[in-house]
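Asker: Going down the list, the sequences are from chains A and B. Residue numbering for the first sequence is 956 to 1120, as defined by the numbering used here. Residue numbering for the second sequence is 268 to 460, as defined by the numbering used here.
Honestly, the hints are just simulated from the structure, not real lab data. Wrong hints could be hidden among the right ones.
[Claimed, not checked] Here are the simulated DSS-like pairs of lysine-lysine, each with C-alpha atoms no more than 30 Å apart in a straight line:
no., chain 1, residue 1, chain 2, residue 2
1, B, Lys-325, B, Lys-382
2, B, Lys-323, B, Lys-361
3, A, Lys-996, A, Lys-1082
4, A, Lys-1082, A, Lys-1115
5, A, Lys-996, A, Lys-1115
6, B, Lys-325, B, Lys-422
7, B, Lys-362, A, Lys-1080
8, A, Lys-1082, B, Lys-398
9, B, Lys-323, B, Lys-422
10, B, Lys-398, B, Lys-323
11, A, Lys-996, B, Lys-398
12, B, Lys-362, B, Lys-421
13, B, Lys-421, B, Lys-398
14, A, Lys-1115, B, Lys-325
15, B, Lys-361, B, Lys-421
16, A, Lys-1082, A, Lys-1040
17, B, Lys-422, B, Lys-362
18, A, Lys-1082, B, Lys-382
19, A, Lys-1040, A, Lys-1080
20, B, Lys-398, A, Lys-1080
21, B, Lys-362, B, Lys-323
22, A, Lys-996, B, Lys-382
23, B, Lys-325, B, Lys-421
24, B, Lys-422, A, Lys-1040
[Unchecked claim] Chain A residues, not near chain B, derived (Cβ > 12 Å throughout):
no., residue
25, Thr-1032
26, Gln-1081
27, Phe-1090
[Said to hold, decoys possible] Okay, the calculated bits of chain B under chain A, using three or more residues with CB under 8 Å as the criterion:
no., segment
28, 376-384
29, 429-443
These figures come from a predicted structure and were not determined experimentally. All C-beta atoms, glycine included, are put in the ideal place defined by N, C-alpha and C.
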Amino acid sequence: MSKYLYISFRTYIAFLTVSCLFACQGPIEADTIERFFFEHKGAKLAVQIDGNIESEVFVLLLHGGPGGSGHEYNTGTYSELLEDKYAMVYLDQRGQGASQGNYSNDELNLQLYSDDIAAVCRMLKQKYGQDISLFLAGHSWGGMTGSHALINTNVQDDLKGWMEL
Amino acid sequence: MHIKIIWTFLFSLFLFNPLMSQINPDWAVGYYGAYTYQPGIILKAEQLFEPIRVNKNKSMIKPYLGLELASYFHFQNNAYINSSLSGGLQRIGKKGRSFRLFASVGVLRAQNLIKSYRLNESGQLEDLGRKGNWGFFPGLGIGLGGPSTRNRGKKIIPYANFRLQMQTPYNDHFLLHPIFEIGTYFSSSKNRR
Chain A
956 MSKYLYISFR TYIAFLTVSC LFACQGPIEA DTIERFFFEH KGAKLAVQID GNIESEVFVL
1016 LLHGGPGGSG HEYNTGTYSE LLEDKYAMVY LDQRGQGASQ GNYSNDELNL QLYSDDIAAV
1076 CRMLKQKYGQ DISLFLAGHS WGGMTGSHAL INTNVQDDLK GWMEL
Chain B
268 MHIKIIWTFL FSLFLFNPLM SQINPDWAVG YYGAYTYQPG IILKAEQLFE PIRVNKNKSM
328 IKPYLGLELA SYFHFQNNAY INSSLSGGLQ RIGKKGRSFR LFASVGVLRA QNLIKSYRLN
388 ESGQLEDLGR KGNWGFFPGL GIGLGGPSTR NRGKKIIPYA NFRLQMQTPY NDHFLLHPIF
448 EIGTYFSSSK NRR
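Input sequences plus hints: build the corresponding full structure.
Answerer: Take a look at the structure:
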């Protein structure tokens, strides 16, 4: 009996090892146009752009939470329909999702999140051209930070419209 | 910044220093899986010391010290490499089976696989290339398997560890990396008795 268990332990370890080697899974979404970090005031905000960049219509999606991620909105039927027509910008807000950085907890407030959003809008215009049509879409927590940004920053100068979900 | 580079380099170089042969380390290589499925590899050199306790049933507890060099990928954004000093206690049963409790301290380099951008003071977009950042990487772990005088006749000694490492600073706090490690030791021939 003990010899049987000893052999089985080796087999189990070997099976675990082989399983780990084949357990790797790539990103769920396909055809990502671009993925990069945007540095702003100590944070490295993760930005992913999928969809129809040639349309020159960009929708900056602000995720909910706090603690959510842009990736949560990048799967499913509606995202594919939108990406056929527009360029969808999935932003991971400060301290959430894949965003990284090094900053103090004392600096975190709603104004800082709004400044991040305004900076991302300016960055998109710099990167893809001043003639693009940029829309802001905020869901839940993203709606709160987006609304605050509209009132307390100059981001309205860069936007053609705003959707609160 | 330069001090961290020198620190990491010296740690890594120490693993391959010929002088290590004078203390007869046990070498190990293994799969280093962050969150179990983010693939990586670890290379270790460890020195087991004399037992600090021998029980009546002939089981014993030995301390050990080691150096580790590990690297793994996070598919979407980062590649990590870390160099650590580890140490702990290994309980060796009378049949040679081992259980370990250990801790590690070291430095971590998180290298971005994607580009970074920023707006400079005049509002122009700057391409920063593929940046990265340094951090500290302490951790705790438990494990099964390891070299001992009772299995030193064997060329391959399998082991499995589970460790919880902490990357700091990360945003305004820290990030935990649960890591599953599985591999094998190659016991030094001078230790085979």
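Asker: With reference to the structure, classify each hint as holding or not holding.
Answerer: Checked hints:
no., hint, verdict
1, B/Lys-325 / B/Lys-382, "57 Å, violated"
2, B/Lys-323 / B/Lys-361, "10 Å, holds"
3, A/Lys-996 / A/Lys-1082, "19 Å, holds"
4, A/Lys-1082 / A/Lys-1115, "17 Å, holds"
5, A/Lys-996 / A/Lys-1115, "26 Å, holds"
6, B/Lys-325 / B/Lys-422, "24 Å, holds"
7, B/Lys-362 / A/Lys-1080, "68 Å, violated"
8, A/Lys-1082 / B/Lys-398, "19 Å, holds"
9, B/Lys-323 / B/Lys-422, "29 Å, holds"
10, B/Lys-398 / B/Lys-323, "56 Å, violated"
11, A/Lys-996 / B/Lys-398, "16 Å, holds"
12, B/Lys-362 / B/Lys-421, "14 Å, holds"
13, B/Lys-421 / B/Lys-398, "44 Å, violated"
14, A/Lys-1115 / B/Lys-325, "78 Å, violated"
15, B/Lys-361 / B/Lys-421, "16 Å, holds"
16, A/Lys-1082 / A/Lys-1040, "20 Å, holds"
17, B/Lys-422 / B/Lys-362, "17 Å, holds"
18, A/Lys-1082 / B/Lys-382, "13 Å, holds"
19, A/Lys-1040 / A/Lys-1080, "19 Å, holds"
20, B/Lys-398 / A/Lys-1080, "23 Å, holds"
21, B/Lys-362 / B/Lys-323, "14 Å, holds"
22, A/Lys-996 / B/Lys-382, "17 Å, holds"
23, B/Lys-325 / B/Lys-421, "20 Å, holds"
24, B/Lys-422 / A/Lys-1040, "61 Å, violated"
25, Thr-1032, "23 Å, holds"
26, Gln-1081, "4 Å, violated"
27, Phe-1090, "20 Å, holds"
28, 376-384, "holds (count 6)"
29, 429-443, "holds (count 5)"
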